[in-house]
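In the order they appear, the protein sequences are chains A and B.
The first sequence begins at 827 in our numbering and counts up one residue at a time.
The second sequence begins at 827 in our numbering and counts up one residue at a time.
To be clear, the hints were calculated from the coordinates, so they are not data collected in a lab.
None of these values were measured; they are calculated from a predicted model.
Some hints could be false.
[Said to hold, decoys possible] List time: in silico DSSO-like cross-link candidates among lysine-lysine, alpha-carbon distance up to 27 Å:
id: 1; chain 1: B; residue 1: Lys1119; chain 2: A; residue 2: Lys1119
id: 2; chain 1: B; residue 1: Lys1039; chain 2: A; residue 2: Lys1119
id: 3; chain 1: A; residue 1: Lys1062; chain 2: B; residue 2: Lys1119
[Claimed, not checked] Between beta-carbon pairs, the in silico distance windows are:
id: 4; chain 1: A; residue 1: Lys1023; chain 2: B; residue 2: Ala1112; range: 26 to 36 Å
id: 5; chain 1: A; residue 1: Ser863; chain 2: B; residue 2: Asp927; range: 53 to 63 Å
id: 6; chain 1: A; residue 1: Glu963; chain 2: B; residue 2: Gly1080; range: 17 to 27 Å
id: 7; chain 1: A; residue 1: Gly1049; chain 2: B; residue 2: Glu1070; range: 22 to 32 Å
id: 8; chain 1: B; residue 1: Glu1061; chain 2: A; residue 2: Glu971; range: 52 to 62 Å
id: 9; chain 1: B; residue 1: Gly1109; chain 2: A; residue 2: Ser863; range: 16 to 26 Å
[What the hints assert, rightly or not] Partial pick of chain B residues on the chain A-facing surface, computed with a CB cut under 8 Å:
id: 10; residue: Asp878
id: 11; residue: Ile920
id: 12; residue: Glu1087
id: 13; residue: Ile1088
id: 14; residue: Val1092
id: 15; residue: Asn1098
id: 16; residue: Gln1106
id: 17; residue: Phe1110
id: 18; residue: Glu1117
id: 19; residue: Lys1119
Don't be surprised by glycine CBs; every beta carbon is placed ideally from N, CA and C.
Here is how the chains run, residue by residue.
Protein chains: 2
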Amino acid sequence: MVIECVPNVSEGRRPEIVAAMADAIRAVDGVRLLDHSSDASHNRSVFTFAGDAAGVERAVLALFERAVADVDLRAHRGEHPRMGAVDVVPFVPIEGVTMADCVALARKVGTAVADRFHVPVFLYEEASSNPARKNLEDIRRGEFEGLAAKMATDGWAPDFGPAAPHPSAGAAVIGARMPLIAYNINLDTNRLDVAKKIAAAIRHSSGGYRFVKAMGIALEQRGIVQVSMNLTNYEKTPIFRVFETVKREAERYGVAVLESEIVGLVPSAALNAAAEFYLQMTGFNADQVLENKLRSLKSEV
Amino acid sequence: MVIECVPNVSEGRRPEIVAAMADAIRAVDGVRLLDHSSDASHNRSVFTFAGDAAGVERAVLALFERAVADVDLRAHRGEHPRMGAVDVVPFVPIEGVTMADCVALARKVGTAVADRFHVPVFLYEEASSNPARKNLEDIRRGEFEGLAAKMATDGWAPDFGPAAPHPSAGAAVIGARMPLIAYNINLDTNRLDVAKKIAAAIRHSSGGYRFVKAMGIALEQRGIVQVSMNLTNYEKTPIFRVFETVKREAERYGVAVLESEIVGLVPSAALNAAAEFYLQMTGFNADQVLENKLRSLKSEV
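Isolated chain A (complex conformation) (with noise of 0.2 Å):
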């Protein structure tokens, strides 16, 4: 079972206070470190971790334990929105294992949080419990500084802790969601108003798919455009639908696609859905692919 976490945290300046966080976790059994990165601008830290549901858990509460003692909301500044010293915290379910789960342990992370650092926590995504709660902008707006206040109003009581922020540590939101996929389709043309109607075309906000956000974007000193996209749900928006949306869509001002790019890392699964659909396949199960089954074997021991 392999669950990731992606932490947000604010602290990107201090790098002994960031790399203590990282030890922190480190120290974790069941949970492999797989990255972290700070932005001093942001003020921020992102480290990606996974590992089975219980070592996640615990190594949460670590990376917790370390930001409120380390990290005073009252004194960050930083270009970034944020509410609390950890900020964001969503489980992404990645090998044999469901959303359902990762929404619950959401829910019993978000409990333990609340019961021993007295921080108040906000579920957002697949775990949230309110519809006017499920996005993460919609959560932090107003920030750390408009949260007592926010707070105090009605239908912001948070989901689990008490009714007020953490004086220092703000409030934290955690949320279970799906794998994000960072895929740029290259156009063999420089025309900029190309990749963006294209772009408006298949982006959610503007009428396209759910589980796509897109802008058009300029490659200057290739002279070439680029529709660059994250994908945030690889099952329900899968990338060769997109891939062959923005394709037809191309062919209508006479571009041709060049490449497209998957930027970082991608599920195995995506990548099979593509090669099933466009090799026709019928009756294709993961236990097929070879690897899956010696894993599933190795895991059996």
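Given the structure of chain A, go ahead and fit chain B onto it with the hints provided.
Using the frame of chain A, we list chain B on its own:
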């Protein structure tokens, strides 16, 4: 590091003997027995196991120990061609291992088999020392009954071991090859001639792709036909190229592709290659697959 090994043994009628062979493989540390099956009319069993080089070597030697003790080719009858108690031993690179590693392993295991059991060993496929002895069929022609005479002729000294067959265990063929993919494409027609013509167009033996074996067959109950294939090197003759060629050839007869199917296991790299091709992906590498990344981190422990 994962190497798959698929030995074929000349015993498929005495379940207790086959079970003892399976137990001997299971008892080896560092190896997993994935599957085994027996065919009474062939009087032959196929074992599939996987592990690191050292584990796979130990398992092959454990299997020889049982087979040399329990199988006597002088009394063996069955439909399938054979010349040894352990007839064929292919090593297949799966993960974190090259074909060159599997060739080296074939030579090492071949030497050990000859030394320990006095069974002559012929190397085949990628491990072959001689172009005339690359194909299994060429090495095995004449079978056990003709083996002593064949080995006395020019060019048929074994790669390792005695110059004459083992009295009861014959000789073994050991080598390295790519994983096989059993792949079928179903056509929306009942015209068997179309399936046969397409099979002839794509298979190596009649002028098609180097690593395709194919035949056209009727799926009587469904009233359709199938191009039934083995892809013997998915890196050099990839699935997507075979699929696109079959689709184009079918069009020429006014026939559509209904669906395709993979029978049994497929390496994830073979599916990823299809996704890369159809999505016109640039700069993709296997480390971007989330599961691969997690696995490589686990193995660093």
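Structure-based check of all given hints:
1. B:Lys1119 - A:Lys1119: Satisfied, since the Cα-Cα distance of roughly 17 Å is no more than 27 Å.
2. B:Lys1039 - A:Lys1119: Holds, because 25 Å separates the two Cα atoms, which is no more than 27 Å.
3. A:Lys1062 - B:Lys1119: Given pair Lys1062 of chain A, Lys1119 of chain B holds - Cα atoms ~24 Å apart, limit 27 Å.
4. A:Lys1023 - B:Ala1112: 26 to 36 Å: holds (35 Å)
5. A:Ser863 - B:Asp927: 53 to 63 Å: Once the Cβ atoms are compared, 36 Å apart, the range 53 to 63 Å for Asp927 of chain B and Ser863 of chain A is violated.
6. A:Glu963 - B:Gly1080: 17 to 27 Å: violated (54 Å)
7. A:Gly1049 - B:Glu1070: 22 to 32 Å: holds (31 Å)
8. B:Glu1061 - A:Glu971: 52 to 62 Å: Given about 58 Å between the Cβ atoms, the range holds.
9. B:Gly1109 - A:Ser863: 16 to 26 Å: Holds - the Cβ-Cβ distance for Gly1109 of chain B and Ser863 of chain A, about 21 Å, lies within 16 to 26 Å.
10. Asp878: violated (12 Å)
11. Ile920: Constraint on Ile920 of chain B satisfied, holds at 6 Å.
12. Glu1087: Glu1087 of chain B check passes; min Cβ-Cβ to chain A is 5 Å, inside 8 Å.
13. Ile1088: holds (6 Å)
14. Val1092: Status holds, d = 6 Å.
15. Asn1098: Holds, about 5 Å.
16. Gln1106: holds (5 Å)
17. Phe1110: With Cβ-Cβ at 6 Å, under 8 Å, it holds.
18. Glu1117: With a minimum Cβ separation of about 5 Å from chain A (threshold 8 Å), the hint on Glu1117 of chain B holds.
19. Lys1119: Holds, about 6 Å.
When the structure is compared with the earlier hints, violations turn up for hints 5, 6 and 10 and for no others.
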